[in-house]
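There are 2 protein chains.
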Amino acid sequence: MREAFHEQLDTVFDDLAGICKLVEEAVAGATEALLTGDAELAERVISADVAIDRAREKVEDQAFSLLSLQQPVAGDLRTIIAALRMVSELERMGDLSVHVAKIARLRVPNVAVPEEIRPTISRMAEVAEDMVSRVSQIITGRDVEAAIALGRDDEEMDQLRRTSFVELLADDWSHGVEAAVDIALLGRYYERIADHAVSVANRIVFVVTGTNPRSVDAAGA
Amino acid sequence: MREAFHEQLDTVFDDLAGICKLVEEAVAGATEALLTGDAELAERVISADVAIDRAREKVEDQAFSLLSLQQPVAGDLRTIIAALRMVSELERMGDLSVHVAKIARLRVPNVAVPEEIRPTISRMAEVAEDMVSRVSQIITGRDVEAAIALGRDDEEMDQLRRTSFVELLADDWSHGVEAAVDIALLGRYYERIADHAVSVANRIVFVVTGTNPRSVDAAGA
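Residue numbers (the UniProt record's numbering), protein chains in the order written: chain Y, 1 to 221; chain D, 1 to 221.
The shape of chain Y in the complex, shown without the other chains (with noise of 0.2 Å):
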């Protein structure tokens, strides 16, 4: 029965990391439109979030299931409502890719980012993508040391976002204000992903050593 509940809870595990990829692909996708002005990738990045809505539907019923039927305490209680807990936050950053996709959408067919603060805004993408990326593994290896490094990652997410507002804000910014709350709100939904990537990454952390790392929320700053 214990073995059962395990390989139950393995297919959980396996199944938050094929949602981590499919997140991946959203932010990936997402940034594309966003610097290249693609409204086709754009729609199909809109379109796609349905899956990771569904796919997460099918981790609450496994979690469930588990829960009712084999009565977990301690430990496995936890790791069950930790399972749940990311999966949520893994459906809000396919939201989050959603909303660099409308961004871009909107835009067409313009790019929303000026060529100026391309590098920033590129930089904060790859950094989202990149945390994402890393959270896939530490998720399907338990990877306690990878989940640790992530969290300082975020830190040079949150200095691009700061970098990003000097610039908007800088006398010479000449692209007006559309392009500077474009550029604001792009910022708030990347630094959002790498708050929830961060998120997730401390919750395995919870799982393999059952105390949490100082901040494990992604309640950001």
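Some clues are possibly wrong.
Partial list, derived from the structure: chain D residues whose beta carbon lies under 7 Å from chain Y [what the hints assert, rightly or not]:
1. L41
2. Q71
3. V73
4. L77
5. S174
6. V177
7. V181
8. A184
No lab work stands behind these hints, which were simulated from the structure alone.
From the three backbone atoms N, C-alpha and C, an ideal C-beta is built for every residue, glycine too.
Fit chain D to the known structure of chain Y by using the hints.
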């Protein structure tokens, strides 16, 4: 045993309603600080958030204890899981109020919201505060009708957000990029508070009726 269980569950819901009251105060305080440029009040909202975080931990501990010791199934299990989700969302609403307070603090001695866009932002804040206040009553009274009505009010918030974009992207916007970026982010924060309020209300519908309203997540548009 079952009776003790339901008494403890009632305590959890009382605590959720109590957290909702703290969130209501946070939204109201952050808004007043924002509209008056009151640094001290902004500071108080920011410091008070720790009480929401602690209250969340208490609810989580109670929920875990109920899950471990009482091994609930079916509806009772789903109710506790719903409570865990509600408390996360309420905490997040507190964090979003802190974000509003931080924008207020950043602009002191000025006021972040220019006079001409004040009606729109004030109304957003009013709608958010009213929704949070009703959620508290919805939790206490397990009020399904009021919960369903809340979802409809979220439409006013979406409309206000669109209005704010029209205003700040108008040709005669004279307050520059910084104010526009503040307004865009403030709109996002109030909108998310409203999304979470709807989500918490929907979870009450689920707890009482056993079925989900059309969209139970704070995913938002």
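Hints, verified against the model:
1. L41: 20 Å, violated
2. Q71: For Q71/D, the interface hint holds, since the closest Cβ of chain Y sits about 5 Å away, which is under 7 Å.
3. V73: The hint holds - V73/D has a Cβ within 7 Å of chain Y, the shortest such distance being about 5 Å.
4. L77: 6 Å, holds
5. S174: 11 Å, violated
6. V177: Holds. Min distance 4 Å.
7. V181: 4 Å, holds
8. A184: 4 Å, holds
Consistency note: the structure conflicts with the earlier hints numbered 1 and 5.
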